[in-house]
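Visitor: Dock chain Y against chain P, hints included.
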Amino acid sequence: MNRRPGAAGGGRAGGLVLRHAAAVAVTAFALFPILFVVSAALNPLGTLSSATLLPGGADLGNAADLLTTTPFLTWYANSVLIAGLTAAASVAVSAVSAYAFSRFRFAGRRIGLVALLVIQAFPQFLAIVPLYVIFSVISDNWPAFGLNSVWGVTLLYVGGQVGVNTWLIKGFFDTIPKELDDAMLIDGCTPGQAFRRVVLPLSAPVLAISALLVFIATINEFLVASVFLTGDDSRTLAVGLFSLLADQRNANFGMFAVGTLLTAVPTVAVFQFLQRYIVHGLTAGAVKG
Amino acid sequence: MSTRQTRTGEGRGLPRRGDTGAPRQEGTAPRTSPEGSPGGPPARDRRPRAVPDRPRALAVPPGGWPGGAGAVAARFLALGLIVAVALWAVAPLASAGNWTGTAIVAAVTAAGLYVYLTPRRMPAKYLLPTTLLVLAFQVFPVVHTMSLALTNIGDGHLGSKQEAITAIETSSVRREPGSAEYRLTVAERDGGLAFLLAAGGRAYAGTAEGLRPLEGATLGPGGRITAADGYTVLTSAQASARSAEITELAVPVEGGAIRSQGLSRAYQGRAELTYDAGCDCVTGSGSGSGPEKAWRADEEQGRFVAADGTALPQGWKVDVGLANLAAALTDPRINAHFLGVFGWNLVYATAVVALTAALGIAVALALHHPRMRAVRAYRTLIVLPYAMPAFAMLLVWRDMFNTDFGLVNRVFGLDVDWLGEPFTARLSVLLVQLWLGFPYMFLIATGALQTIPAEYLEAAQVDGATAWQRFRKVTLPLLMLALSPLMVSSFAFNFNNFNGVFLVTAGGPFPADNPTVGATDLLITYTFRLAFGQQGAQYGLASAMSVYVYLIVAVISIVSFRRTRVFQEVDR
Chain P
1 MNRRPGAAGG
11 GRAGGLVLRH
21 AAAVAVTAFA
31 LFPILFVVSA
41 ALNPLGTLSS
51 ATLLPGGADL
61 GNAADLLTTT
71 PFLTWYANSV
81 LIAGLTAAAS
91 VAVSAVSAYA
101 FSRFRFAGRR
111 IGLVALLVIQ
121 AFPQFLAIVP
131 LYVIFSVISD
141 NWPAFGLNSV
151 WGVTLLYVGG
161 QVGVNTWLIK
171 GFFDTIPKEL
181 DDAMLIDGCT
191 PGQAFRRVVL
201 PLSAPVLAIS
211 ALLVFIATIN
221 EFLVASVFLT
231 GDDSRTLAVG
241 LFSLLADQRN
251 ANFGMFAVGT
261 LLTAVPTVAV
271 FQFLQRYIVH
281 GLTAGAVKG
Chain Y
1 MSTRQTRTGE
11 GRGLPRRGDT
21 GAPRQEGTAP
31 RTSPEGSPGG
41 PPARDRRPRA
51 VPDRPRALAV
61 PPGGWPGGAG
71 AVAARFLALG
81 LIVAVALWAV
91 APLASAGNWT
101 GTAIVAAVTA
111 AGLYVYLTPR
121 RMPAKYLLPT
131 TLLVLAFQVF
141 PVVHTMSLAL
151 TNIGDGHLGS
161 KQEAITAIET
171 SSVRREPGSA
181 EYRLTVAERD
191 GGLAFLLAAG
201 GRAYAGTAEG
211 LRPLEGATLG
221 PGGRITAADG
231 YTVLTSAQAS
241 ARSAEITELA
251 VPVEGGAIRS
261 QGLSRAYQGR
271 AELTYDAGCD
281 CVTGSGSGSG
291 PEKAWRADEE
301 QGRFVAADGT
311 ALPQGWKVDV
321 GLANLAAALT
331 DPRINAHFLG
341 VFGWNLVYAT
351 AVVALTAALG
361 IAVALALHHP
371 RMRAVRAYRT
381 LIVLPYAMPA
391 FAMLLVWRDM
401 FNTDFGLVNR
411 VFGLDVDWLG
421 EPFTARLSVL
431 LVQLWLGFPY
441 MFLIATGALQ
451 TIPAEYLEAA
461 QVDGATAWQR
471 FRKVTLPLLM
481 LALSPLMVSS
491 FAFNFNNFNG
501 VFLVTAGGPF
511 PADNPTVGAT
521 DLLITYTFRL
531 AFGQQGAQYG
541 LASAMSVYVY
551 LIVAVISIVS
561 FRRTRVFQEV
571 DR
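Residue numbers (full-length UniProt numbering), protein chains in the order written: chain P, 1 to 289; chain Y, 1 to 572.
Chain P extracted, bound-state conformation (with noise of 0.2 Å):
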């Protein structure tokens, strides 16, 4: 599908080395500190002064520990829970918007769209104060998505992705040809179904992506779940992980380092699962000349 012209003339072999070598160089970047983590969650001692980068023995009394004396799997199924419906949500209400700002003209588009990008800027942990007035006021009335309740921190977290998701996802819109959507449109299709049936599948690549991000920032997010989630059944993996740290580091880590990993699996099964969609080419045969 997507044939790339092959690399500078001369030297074929030679370049996909080159490639391979930068692939692994960075690799290795990119793995070195986690071989870290590894090896200091199988280190039989527990503590972080006794950490190598090559594991010295191995156990589970880590993980033992970590499932035995603390409510880990609560903390897990929250985050899970929280960041699945985030991204869901926030993927398919940003989609929606970027369809009508790639494909709409109406007034007030230009502005929506760099007002979106603006208020974004905002240092988001600084409005914890207006967040948490926010969030009493709805206690108060709606108790279900009031503090420590995972819906409404679920949709804050909504709230404050929708903005660049939509610029991300309208990006790819707008390398969507227009005579798909137009063809459908002659043919008596309605916009709404032009962009079920050609802009959205066509798009699967950049949903998949943004939902990955959205799934990875939600699951990492820190700040705000410390305030709004601090009932012991509604805790996320970041705060739950940070109070075992903040407690004793040293004599912590080996089960700090555990908790990380596993929060790391959720991420990973989510990149698994939709780099399939994440595919070659969809719009590159679509339309030709």
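It is possible that some hints are incorrect.
[To be verified] Listing some non-contacts, in silico: residues in chain P with all C-beta distances to chain Y over 10 Å:
(1) ALA22
(2) GLY57
(3) ASP65
(4) THR68
(5) ALA88
[What the hints assert, rightly or not] Examples of chain P residues toward chain Y, derived with CB under 7 Å:
(6) TYR99
(7) PHE104
(8) LEU156
(9) VAL158
(10) ILE209
[Unchecked claim] Computed spacing ranges between beta-carbons, pair by pair:
(11) P/LEU223 to Y/GLU248: 24 to 30 Å
(12) Y/VAL559 to P/ASP59: 54 to 60 Å
(13) Y/LEU414 to P/GLY108: 54 to 60 Å
(14) Y/PRO477 to P/VAL114: 17 to 23 Å
Everything labelled a hint here was simulated from the structure, so no lab data went into it. These numbers were taken from a predicted model, which means no experiment stands behind them. Just so you know, even glycine gets a beta-carbon here, dropped at the ideal spot from N, CA and C.
Guide: Chain Y in isolation, oriented as in the chain P frame:
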């Protein structure tokens, strides 16, 4: 989705909701539309336009409108859903007499009904959810922060003047001989603590708001209340777990307050400080034995100040106008190092964006080749840093840079005090952020590379462009088109990357003579220490500083957007 339409048999010929006024007009309009005429010029430059009353049934197959029964059903579903949510949302507001909230819900509902029930084609149908979310969770916090910047809100200045008076009076309560005693039962209602008090066969319920008679209470053998309607009595284990809260709770009553003594008794004490509305001051003997003193309300500072200049710790929130904004510029404690911090902040954000983008694009390009093997494996491994929880990995990196037992020194056989010297500390935070950030750029660049039509590159090759020219003139501009808004967002994020600096160096290393500003401090970590540091929380001042930070970032964002092609893209 209200735009959902099906062309079922039953639906044919049914007028849509809202169309009853002029069904003919819509039905005939397509025939005169140039776009709908068969064999007309290709509709290359015609885009769906959001012009009201543009015939939506454009090019309808003869014999039916697309807005059939399905569309009507969808609209009724939307109507039901919106009304149901609105009713659910408005019930607690109306019962609490919150008419502002009720009005907001009503306005949002009306907007929703109008947008989703009208048969017109409107961009608002697509934009309403985003608009509401952004208004509630981004615009409102920004505006509210700006309004807080005009007040002195912070520790000791959190509530209203009346709340401050209540706090002063209840906290000065001392027990006196012969004061009233109660049998106490600690209970809970809606998560808040309540004292269920029994004395002389009468029952009361007391909270931080006040005391009121209690109906439907069951008295136990010891004269204590054992159950009451609407309250959950705490077990002794639950009560001891919340003993700090219980000790704190003072139920305000006339001339004093009721406080607990242990978990089963309470007494009514007399307030040693009382508010006198006549002189607008608090009078009393302060800490018990001192002479009678008067603290006058100072409406400008929002606290009670005595003649000798001392003030009571509990104050209230007052408007201070532009004082916070001015203090941020004129207070020598704050502005002395502002330029230095600002300069490093710019370098940090720029370097992080440039480094992550360069490495991300380079790796994406290296892997983007038809004969490249194991791309999937590389991609999975390279993206792992992004999958790791960032806050945890920041702490891990900090420990890896440790001089004595840090992994970096051990592996490379070095003895460098990475986080202790300004230059290496700056290098370290950049390296950490490069590690955390480049997989994101790599992902985006990979996605963007896949959207570049192969024809462009083939055409360039046919025209005799070298590989470098193809990259420079075709691939890179198209990549930047997709990446530049994200790079600007990344810049804005890293400009305020609190965790990225605070968790690694906490702003340090600090020069020996000045502990307030460190070599890696960003404006936001610097502000954080100033505002939330040893002096206690000063949200007003912090808000003023964040307004400045925001203005700086917003201006930089707008300027960078003008330099990139984003605004041209907006206008496209």
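Visitor: Now tell me if each hint is right for this structure.
Guide: Results of checking the hints against the structure:
{"no.": "1", "hint": "ALA22", "verdict": "violated (5 Å)"}
{"no.": "2", "hint": "GLY57", "verdict": "holds (17 Å)"}
{"no.": "3", "hint": "ASP65", "verdict": "holds (17 Å)"}
{"no.": "4", "hint": "THR68", "verdict": "holds (21 Å)"}
{"no.": "5", "hint": "ALA88", "verdict": "holds (13 Å)"}
{"no.": "6", "hint": "TYR99", "verdict": "holds (6 Å)"}
{"no.": "7", "hint": "PHE104", "verdict": "holds (4 Å)"}
{"no.": "8", "hint": "LEU156", "verdict": "holds (5 Å)"}
{"no.": "9", "hint": "VAL158", "verdict": "holds (6 Å)"}
{"no.": "10", "hint": "ILE209", "verdict": "holds (5 Å)"}
{"no.": "11", "hint": "P/LEU223 to Y/GLU248: 24 to 30 Å", "verdict": "holds (27 Å)"}
{"no.": "12", "hint": "Y/VAL559 to P/ASP59: 54 to 60 Å", "verdict": "holds (56 Å)"}
{"no.": "13", "hint": "Y/LEU414 to P/GLY108: 54 to 60 Å", "verdict": "holds (57 Å)"}
{"no.": "14", "hint": "Y/PRO477 to P/VAL114: 17 to 23 Å", "verdict": "holds (22 Å)"}
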